[in-house]
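**Q** Each chain, written out:
2 protein chains.
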Amino acid sequence: MEKKVYVIGIGPGAYEEMTIRAVRAMEACEVIIGYTVYVDLVKEHFPGKTFLTTPMTQEVRRCEMALEEAGKGRKTAMICSGDAGVYGMAGLMHEIRQETGYEEVEIEVIPGITAATAGAALLGAPLIHDFAVISLSDLLTPWEKIEERLRDAARGDFAICLYNPSSRKRKDYLRKACEILMEWKSPDTVCGYVRQIARDGEEKHLTTLKELTETETDMFTTVFIGNSQTRVIGEAMVTPRGYRYEKKD
Amino acid sequence: MEKKVYVIGIGPGAYEEMTIRAVRAMEACEVIIGYTVYVDLVKEHFPGKTFLTTPMTQEVRRCEMALEEAGKGRKTAMICSGDAGVYGMAGLMHEIRQETGYEEVEIEVIPGITAATAGAALLGAPLIHDFAVISLSDLLTPWEKIEERLRDAARGDFAICLYNPSSRKRKDYLRKACEILMEWKSPDTVCGYVRQIARDGEEKHLTTLKELTETETDMFTTVFIGNSQTRVIGEAMVTPRGYRYEKKD
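Protein chains in written order, with the working numbering: chain D, 1 to 249; chain U, 1001 to 1249.
Looking at chain D on its own, in the form it has when it is part of the complex (with noise of 0.2 Å):
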């Protein structure tokens, strides 16, 4: 008996976002475990499955749960948003698959589009070259760790996403973390953000460093931050594919 998981990434939440072979998995599988939110965004579209879920700060009870099914033999699937390899349930899936010594059950991970690349596609181009994706929750990480993280991401010049630039306990994270990469960016340097990418209420919104300061975000919005050679083109956030520069390879 095939005992399996998988663990997708739904993209950033349409339906149409989702890969061929992410709605084949979910197809396949008879039992679809995920954060109630996220479960809620799919449901419709696959009709005569065992929904599971819990809330977000039960990952690890999660996991469990679809191990658990799968180690009966029902196919389950569990599913994050964006991509499950990106602040995603991925790497969490293989700890808890050793921990509870459910290694018969294998584990398939299937790709899906993360904020960074959603978000960057809405706003134009913003990461076309070298990137840097940093997390501003200091749920798991120290914050002086984020601090540095920030600091190397500036002095390297590298185009930044954010992810979860604030919550309701974290409302002055995102400025904070604007003034350190001032230290090293301008204050002109172009930026974007987005909120509810592939979802009702979608915004977009071009902005600079400086601006983005003063700027209130929540727990649905990612931020793009440019490098120093990022512009604006009409409405869309630009950044070349190099440095003004021609090498003969």
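A couple of the hints might just be wrong.
[Claimed, not checked] Below, a list of computed lysine-lysine pairs in the BS3-like style, where the Cα atoms sit at most 30 Å apart: (1) U:K1176 <-> D:K145; (2) U:K1004 <-> D:K204; (3) D:K49 <-> D:K3; (4) D:K176 <-> U:K1145; (5) U:K1169 <-> U:K1145; (6) U:K1204 <-> D:K3; (7) D:K3 <-> D:K43; (8) D:K75 <-> U:K1075; (9) U:K1145 <-> D:K145; (10) D:K169 <-> D:K204; (11) U:K1003 <-> U:K1075; (12) U:K1003 <-> D:K204; (13) U:K1145 <-> U:K1171; (14) D:K204 <-> U:K1075; (15) U:K1072 <-> U:K1043; (16) U:K1145 <-> U:K1176; (17) U:K1204 <-> D:K210.
Bear in mind the hints are in silico, worked out from the structure with no lab data behind them.
Source: prediction; values computed, not measured.
Guided by the hints, dock chain U onto chain D, whose structure is given.
**A** Chain U in isolation, oriented as in the chain D frame:
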């Protein structure tokens, strides 16, 4: 008359790694333009379309062709492998539209699965936490700039994904990059690399930073370098969601 160019990321190669949105947009187009290799990957799935191709170095010409076709009122798709916004054509399309005065042509970027997340899914979960994406190609970026970025990303303990790790004329670039990373990262850092993601001949390998120094790669390889917490679980490369530290949010 609507004049529109879609800039579409088709993902790593296999048809089923495309999003439903990408497939629908290509089905709605009359003309599909791309680098020869990518057009060949998808051609059979879109019968009845006009396919136009240019060789690898003619990206500017490719954008002009797309704008010319769309300017005639023929709905046009410009396809890129991976995501159009990560070392792709989304930015150049905006630049060329402005330079050629085709402002009446609307540009819509449709995101795709980039090699960073497709490769990560194959290896396990190397990019779960903050990460940096760096190309080792010095065609448009001075090598000194690339070295700086490697150093800054390593100093910040980012997980790192390397695109274009080498080519025929840049055989020793990956070795040079690893040597720079080892100024900050342990030689035992867990690493991995994948070749020909979602295509015939797909391969994945786990290794260490020290061993990576001696590894031969090519332009179809994507390389993953762990952060200080990355470990091997079973046969998977897994970066944990944070550091062993808990904070009440």
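**Q** All hints, please: hold or fail.
**A** Each hint tested on the structure:
For the proposed pair U:K1176 and D:K145, the alpha carbon gap of about 27 Å is at most 30 Å, so the pair holds. Taken as a hint, the U:K1004 and D:K204 pair is honoured in the structure, with Cα atoms around 20 Å apart against an allowance of 30 Å. About 17 Å separates the Cα atoms of D:K49 and D:K3, which keeps this hinted pair within 30 Å; it holds. Between D:K176 and U:K1145 the alpha-carbon distance is near 27 Å, which keeps this suggested pair within the 30 Å criterion.
At roughly 19 Å between alpha-carbon atoms, U:K1169 and U:K1145 fall within 30 Å of each other, so this suggested pair holds. At roughly 22 Å between alpha-carbon atoms, U:K1204 and D:K3 fall within 30 Å of each other, so this suggested pair holds. Our distance criterion of 30 Å between C-alpha atoms is met by D:K3 and D:K43, whose separation comes to about 23 Å. Distance hint between D:K75 and U:K1075 is unfulfilled; the C-alpha atoms sit about 41 Å from each other, more than 30 Å.
For the given pair, U:K1145 sits about 24 Å from D:K145 by alpha-carbon distance, which is consistent with the 30 Å threshold. For the hint linking D:K169 to D:K204, the alpha-carbon distance of about 24 Å falls within 30 Å, and the restraint holds. Distance restraint check for U:K1003 and U:K1075: the Cα-Cα separation of roughly 7 Å lies within the 30 Å cut-off, and the hinted pair is therefore satisfied. In summary, the hint linking U:K1003 to D:K204 is supported, as the alpha carbons are separated by about 22 Å, within the 30 Å threshold.
A hinted pair counts as satisfied when its Cα atoms are at most 30 Å apart, and U:K1145 with U:K1171 qualifies at roughly 19 Å. A threshold of 30 Å between alpha carbons decides the hint, and for D:K204 with U:K1075 the separation of about 25 Å falls inside it, so the pair holds. A C-alpha spacing of about 23 Å is found between U:K1072 and U:K1043, which places the hinted pair at or below 30 Å, so the restraint holds. Among the hinted pairs, U:K1145 with U:K1176 is consistent with the structure: their alpha-carbon atoms are about 14 Å apart, no more than 30 Å.
Under the criterion of a C-alpha separation no larger than 30 Å, the hint pairing U:K1204 with D:K210 is inconsistent with the structure, at around 43 Å.
In terms of the numbered hints stated before, the structure departs from hints 8 and 17, listed from lowest to highest.
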